[in-house]
Amino acid sequence: MSEPLVLGIESTCDETAAALVQGNRLLSNVVASSMNEHARYGGVIPEIASRAHAESFVPVVSKALNDADMNLSQVDAIAVSAGPGLAGCLAVGVSGAKALAWAAKKPLYGINHVIGHIAVTQLQFGPFPQNALALIVSGGHTSLLHVDDLARSVQVVGTTLDDAAGECFDKIARLLGFPYPGGPHIDRHARLGDPNAIAVPQGLTKGRAGAEHPYDFSFSGVKTAVARWVERRQQAGLDIPVDDVCASLADSVATVLSRKAMAACHRFDTDTLIVGGGFSANSQLRGRLQEFGDEEGVKVRIPKINLCTDNGAMVAMLGVNLVQAGLPPSAPDFSIDSAMPMDKILM
Amino acid sequence: MGHETGGAEKGDDGMSGSDTPLLVIDTSYGSTVGLPGREPCIETDSRSHVERLQVNIAKVMDQAGLSADELRTIVVGLGPAPFTGLRAGIVTAKALAFATGARLLGQDILEPQARYAYSRFKQQDQDHTRLLVLAVNDARRRQLYYRLFDDFGDVEGPARPLTEMSIDYPAAICEKITAIAEERRSPDQDPVTVVVSGHGTGRYADQWERLNKQSDIRVVLDEGFFLEDRIDGTSLMAACACRRAQQGLIDPVEPLYLRRPDVSVPNPLKHVAVQS
Ligand SMILES: [Zn+2]
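Line by line, the protein sequences give chains X and E. Going by the working numbering, the first sequence opens with residue 1, and the numbers climb by one from there. Going by the working numbering, the second sequence opens with residue 1001, and the numbers climb by one from there.
Keep in mind that the hints were calculated from the coordinates and are not lab data. Where hints are given, some of them may not hold.
Said to hold, decoys possible - Cβ-to-Cβ under 10 angstroms is the rule here; a few derived chain E residues that face chain X:
1) 1030
2) 1063
3) 1065
4) 1068
5) 1072
6) 1120
7) 1122
8) 1261
Each residue gets a CB set at the ideal place from its N, CA and C atoms; glycine is no exception.
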């Protein structure tokens, strides 16, 4: 089995997705999103997302197989996100995947969704080098990971002490009146504004806190500072320069993420930074990482936009790594883990 | 169903040779997995579906010496029932049907529950009163899923629901049932017996007293859940589903949630600017 064919299934949040990956070739990639149903609530409603997963599960899997011109009997293994994520959503994907795996007599791997976000870059850039650093940025996660062996050994180098970067953007987007999801709106306005217009703090970069937490993040101060600044302008009866607010915010967040990622690369003596997670679609972050990487001699692997957001390809790709590493599949009674730790790759 | 391969005679239970092997999966309360006529696998913990359900399916199939590709029909409970557990069973059944090519039939649990209660209480009923069955399932948060059924006549005959499937507080259900029982009373003023049956019956025993206070209504409580009655439960579930399919009553295989999702809209922040 030189090139394992894996069906990957994803249902951690508001995307029901399935994909087929053989080796590091993507054969099909199907995503059904319930995002529009959440938009009017300003955030993902778990029960609405779970209902959508239950409706979409079989159609999405079926389409992924059809698009690749494959049937279930041809796959070597099935992989499914077992966590972290919304419990009700995970329960749908894992229940369905267990049934498929049993009926088709295929091994099933319950994998860590977050590790999938970095695994997916192999579809674009090929296998991981030994000793890589990874930056995960999404609505729920902001972490630096050290990856010795993607199938077996991942350590957490740093993480956010409060909000995730994406979460911070979402909150400010709401304050500015952007519809959900707000990230793309901030991104667009930030391109038009002055990044130095307002002073946005860069959490855990200076003084004792910075020294104690060189690879950790804090974004709650960013959120508070921007909110206060906006309120003061309002109280003074002044306009809010939305483009400048967005530019200053995006610049601050992108800079602190990039700087700390580069520092960690030096610390672990690695020349490759892997970037993953929904927030890695942010153009200010992509630009800043590339710029710092060029300066510091670090190769930065940022996936194409459609591989940044949640998808089945990331799950299937990590599944391929696990099959290739010869790891045993998950036990038939494995659980979901909505708070699955990042150094746990497989249930 | 019209598309069965000919020759197979329908039995009393509505099932025919072309329907079997038939697997019943229900997660409306705890979980039940079984092949009619054989000992089912029952879990009372509703929080273990993700871990246990597929393992239990494999177990009952192994015990029967069956492999997945031999399955012809899968009957899945559609609730009404609380969300998360119900969905696990339905997604499992849909995925199994997809992977095996088995025919998938959905069956609400209140109709077989009513038939179960009826068959047990009709024999006891010496006075030949008018018998109504209120089939319920615990919806938590002090509510019940329910549906009221009329006398079934022949036990094997069609079920006659007198209400829609719905969800409400026991007190409100009592009011509705009282009004319907009044209307349905026979011209010679025979008393009406209402059998309340299913999970949640005992929990709200004091509430059903309201019905008893009505002079012409006698209330009988029956906490038993038909699917926990070992072998007979899965047979009854399968029979209901196959009979409905035979009559062309194919229900969409979708969960009967009967309750809207909890939605908490985030605090509205002061909007500074609205543009895009
Ligand atoms: Zn994700």
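Verification of the supplied hints:
Checking residue 1030(E) against chain X: minimum C-beta separation of about 15 angstroms lies over 10 angstroms; hint violated. Taken as an interface hint, residue 1063(E) does not check out: its beta carbon lies about 15 angstroms from the nearest beta carbon of chain X, beyond 10 angstroms. The criterion of a C-beta within 10 angstroms of any C-beta in chain X is not met by residue 1065(E), whose closest approach is roughly 16 angstroms, and the hint is violated. For residue 1068(E), the interface hint holds, since its Cβ comes within 10 angstroms of a Cβ in chain X; the closest pair sits about 4 angstroms apart.
With a least beta-carbon distance of about 14 angstroms to chain X, the hint placing residue 1072(E) at the interface is violated under the 10 angstroms criterion. For the restraint placing residue 1120(E) at the interface with chain X, the shortest Cβ-Cβ distance is roughly 33 angstroms, beyond the 10 angstroms limit, so the hint is violated. Evaluation of the residue 1122(E) hint against chain X yields a violated restraint, the C-beta minimum of about 37 angstroms exceeding 10 angstroms. For residue 1261(E), the shortest C-beta to C-beta distance to chain X is roughly 3 angstroms, which falls under 10 angstroms, so the interface hint holds.
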